[in-house]
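Chemist: Now for the letters of each chain:
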Amino acid sequence: MKLYEYEGKILFRKVGIKTPNSLLVPPANDLPKGKVVVKAQLLEGGRGKRGLVRITEDASEAIKQMREEGVEKFLVEEYVPHEYEFYLSCMVDRDSQEPMFAIGKGGINVEEEGDIRTRVVSMERGVRFFDALEVSKFMKANPEEVMMVMRGLYELVLNYGVELAEINPLAVKDGSLIALDSKVIIEDNSLIRIGETLKSLGIHVERPSAYVELDGDIGIIGNGAGLTMATMDMVKIAGGSPADFLDVGGGADRNHVKESMLKVLRNPKVKKVIANIYGGITRCDEVALGVVDALKEINKPVYIRLSGTNEEQGERILEENNVKVYHDVPKMIGDALRS
Amino acid sequence: MNKDTKVLVQGITGREGSFHTRLMKSYSTKIAAGTSPGKGGTQVEGIPVYDTVEEAVKEHEIDASIIFVPASNAADAIVEAADSNIKLIVTITEHIPVIETLRAVRYAKSRGSSVIGPNSPGLIAPDETMIGIMPSRAFRKGRVGIISRSGTLTYEVAEVLKDRGQSLVVGIGGDPIIGSSMLDLAKEMEADPQTDSIVVIGEIGGIMEERLASAIARGEIKKKVVAYMAGMTAPKEKRMGHAGAVVYMGMGTFQSKIEAFKRANVKVAKTPYEIPEMI
Numbered sequence: 001m002k003l004y005e006y007e008g009k010i011l012f013r014k015v016g017i018k019t020p021n022s023l024l025v026p027p028a029n030d031l032p033k034g035k036v037v038v039k040a041q042l043l044e045g046g047r048g049k050r051g052l053v054r055i056t057e058d059a060s061e062a063i064k065q066m067r068e069e070g071v072e073k074f075l076v077e078e079y080v081p082h083e084y085e086f087y088l089s090c091m092v093d094r095d096s097q098e099p100m101f102a103i104g105k106g107g108i109n110v111e112e113e114g115d116i117r118t119r120v121v122s123m124e125r126g127v128r129f130f131d132a133l134e135v136s137k138f139m140k141a142n143p144e145e146v147m148m149v150m151r152g153l154y155e156l157v158l159n160y161g162v163e164l165a166e167i168n169p170l171a172v173k174d175g176s177l178i179a180l181d182s183k184v185i186i187e188d189n190s191l192i193r194i195g196e197t198l199k200s201l202g203i204h205v206e207r208p209s210a211y212v213e214l215d216g217d218i219g220i221i222g223n224g225a226g227l228t229m230a231t232m233d234m235v236k237i238a239g240g241s242p243a244d245f246l247d248v249g250g251g252a253d254r255n256h257v258k259e260s261m262l263k264v265l266r267n268p269k270v271k272k273v274i275a276n277i278y279g280g281i282t283r284c285d286e287v288a289l290g291v292v293d294a295l296k297e298i299n300k301p302v303y304i305r306l307s308g309t310n311e312e313q314g315e316r317i318l319e320e321n322n323v324k325v326y327h328d329v330p331k332m333i334g335d336a337l338r339s
Numbered sequence: 001m002n003k004d005t006k007v008l009v010q011g012i013t014g015r016e017g018s019f020h021t022r023l024m025k026s027y028s029t030k031i032a033a034g035t036s037p038g039k040g041g042t043q044v045e046g047i048p049v050y051d052t053v054e055e056a057v058k059e060h061e062i063d064a065s066i067i068f069v070p071a072s073n074a075a076d077a078i079v080e081a082a083d084s085n086i087k088l089i090v091t092i093t094e095h096i097p098v099i100e101t102l103r104a105v106r107y108a109k110s111r112g113s114s115v116i117g118p119n120s121p122g123l124i125a126p127d128e129t130m131i132g133i134m135p136s137r138a139f140r141k142g143r144v145g146i147i148s149r150s151g152t153l154t155y156e157v158a159e160v161l162k163d164r165g166q167s168l169v170v171g172i173g174g175d176p177i178i179g180s181s182m183l184d185l186a187k188e189m190e191a192d193p194q195t196d197s198i199v200v201i202g203e204i205g206g207i208m209e210e211r212l213a214s215a216i217a218r219g220e221i222k223k224k225v226v227a228y229m230a231g232m233t234a235p236k237e238k239r240m241g242h243a244g245a246v247v248y249m250g251m252g253t254f255q256s257k258i259e260a261f262k263r264a265n266v267k268v269a270k271t272p273y274e275i276p277e278m279i
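Chains as they are written, first to last, in full-length UniProt numbering: chain C, 1 to 339; chain U, 1 to 279.
Quick caveat, the hints were computed from the structure, so don't treat them as lab data. Errors might be hidden in some of the hints.
To be verified - To give a feel for the contact side, a few chain U residues facing chain C, derived at Cβ under 8 Å:
(1) Ile99
(2) Met134
(3) Pro135
(4) Thr152
(5) Gly231
(6) Pro235
(7) Met240
(8) Gly241
(9) Lys270
(10) Pro272
(11) Tyr273
For each residue, glycine too, the CB sits at the ideal point set by N, CA and C.
Using the sequences provided together with the hints, build the complete structure.
Modeler: Okay, structure coming up:
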């Protein structure tokens, strides 16, 4: 679950990472006078490039203009003049199976530039002063301050279920460090354990969804992430363009399939749906019933491959409701694209 | 792993545990015992149930364990199995927080145990044994090994390769942190006289596929390898269903995986249906 910048900064302050003074709008009524930074609070990246982060003397005017672009929530922050900007993040490194820091020069294209150094800090020992000393040379910052920030990010990853804690830019001002932005992603699997803590800190907790929106016009649904991704890729290779991606997960029942199917069908961009189901734990008859239920509410052309557990029953249910069933995936995709 | 491998089922009395115990048993997997705290002394499918792994291993010889314990206690179950020196621990459970998986997997490794998963469909040696939840109809005994990060895609590819048959099929799991990597399994298949060639099913996220490709390029794996990668069209930084299928900091993109395999002269299939003609 991605956090808003202001929510990530609540966590930063909790673990001792300094952030600029700020107000959230709404609810704040009195805007500060003088030079401030107004930042649209959106979950997607690229705000800077879209003009949704503005340094201004007139906060209310900047807010008014951004509202016209559909932004609803703003963070109004004190302007912090500084000498240098860096990138610092912490996450679990899949390769070494250890927590790892990534350090680089700050900026909006940090990931593309690839000028990032990494530092694995084993769970057994935690962040030590020599780690901070090494990093502080690169950052031209006070090593005690660097240690505070590194320890803070590390604590978020180890104790707050955070899968990515990132500061970009991390500003250096007279050797001290201040987080001008935050990007914090909570691991979905940890939400059940730390959801209450997050709520008590004023962080809005949302149930994770497996639904991903894309640009095309064909709805993609499948069971299991790999099979669903493979289906999406094959549609693209065959010349089609996926409108979305939804993995119904393992063991989905009639109602879950219906809701998943409706989610895809309700997307106005979706002209037709390609569904690829290989039942293992999932039962094909439950899938068929869910699909039929959904089509009673919104009817669009559905191309479905249904193989595996209880496939005969599933096939019968769909055919009784005039939905053609495929077992051959390339043929299903071909027919769907030709229609 | 063969037809004589003796298996313990952790979480045997639960809905999934009992259901798949029945299926594994009908595949003639040798299930020696099960555990479920508070249910010690009962039976499931005629299999004795114990409160703890420690009690089960006192009474039975156990080579491998399969875990169906819910996510909230599954990391403990891995540690418990490792403490009783069970050498192969197959973890089916999904949604275990990454840090908990990390701690449990490292502990198991320090005790000399191998963990498959979590979030794994298990493994199957067709006609010998199945320690997992795979639909048996997709598999037939043969000489192709399959290593996969995805459950359903494993079934799909196995079925596509049914004419050839498989020696060993392992779903290593789709989580960011897992016990045994593609390279670990590829090395085992390299040493396995039953396996002639290896199919690798990967997806975006992480650099496990790249590591395998480097080992192949270095000559550590000499058997023929064919790869298929899912996620060619996945948008950046979106999680595609699996907890592990997400690209951060540009690491583990579809392109970097394909290029790594090409550098190692490994054929990469564009769709799962091309695999049989490539192998």
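Chemist: Now tell me, hint by hint, if it's right for this structure.
Modeler: Comparing the hints with the structure gives:
Below 8 Å, beta-carbon pairs count as interface contacts, and U/Ile99 has one with chain C at about 6 Å; its hint therefore holds. About 7 Å separates the beta-carbon of U/Met134 from the nearest beta-carbon of chain C, less than 8 Å, and the hint is met. Interface restraint check: U/Pro135 against chain C, minimum CB-CB distance 5 Å, threshold 8 Å, status holds. A cut of 8 Å between beta carbons decides the hint on U/Thr152: the least distance to chain C is about 3 Å, and the hint holds.
Interface restraint check: U/Gly231 against chain C, minimum CB-CB distance 5 Å, threshold 8 Å, status holds. Because the beta carbon of U/Pro235 sits about 7 Å from the nearest beta carbon in chain C, less than 8 Å, this interface hint is met. Here the hint on U/Met240 is kept, as its CB sits about 5 Å from the closest CB of chain C, short of 8 Å. Because the closest C-beta pair between U/Gly241 and chain C is about 3 Å apart, less than 8 Å, the hint holds.
Taken as an interface hint, U/Lys270 checks out: its beta carbon lies about 6 Å from the nearest beta carbon of chain C, inside 8 Å. Among the interface hints, the one on U/Pro272 holds; its C-beta lies about 6 Å from the nearest C-beta in chain C, closer than the 8 Å criterion. For U/Tyr273, the suggested interface contact is upheld, since its CB lies about 6 Å from the closest CB of chain C, less than 8 Å.
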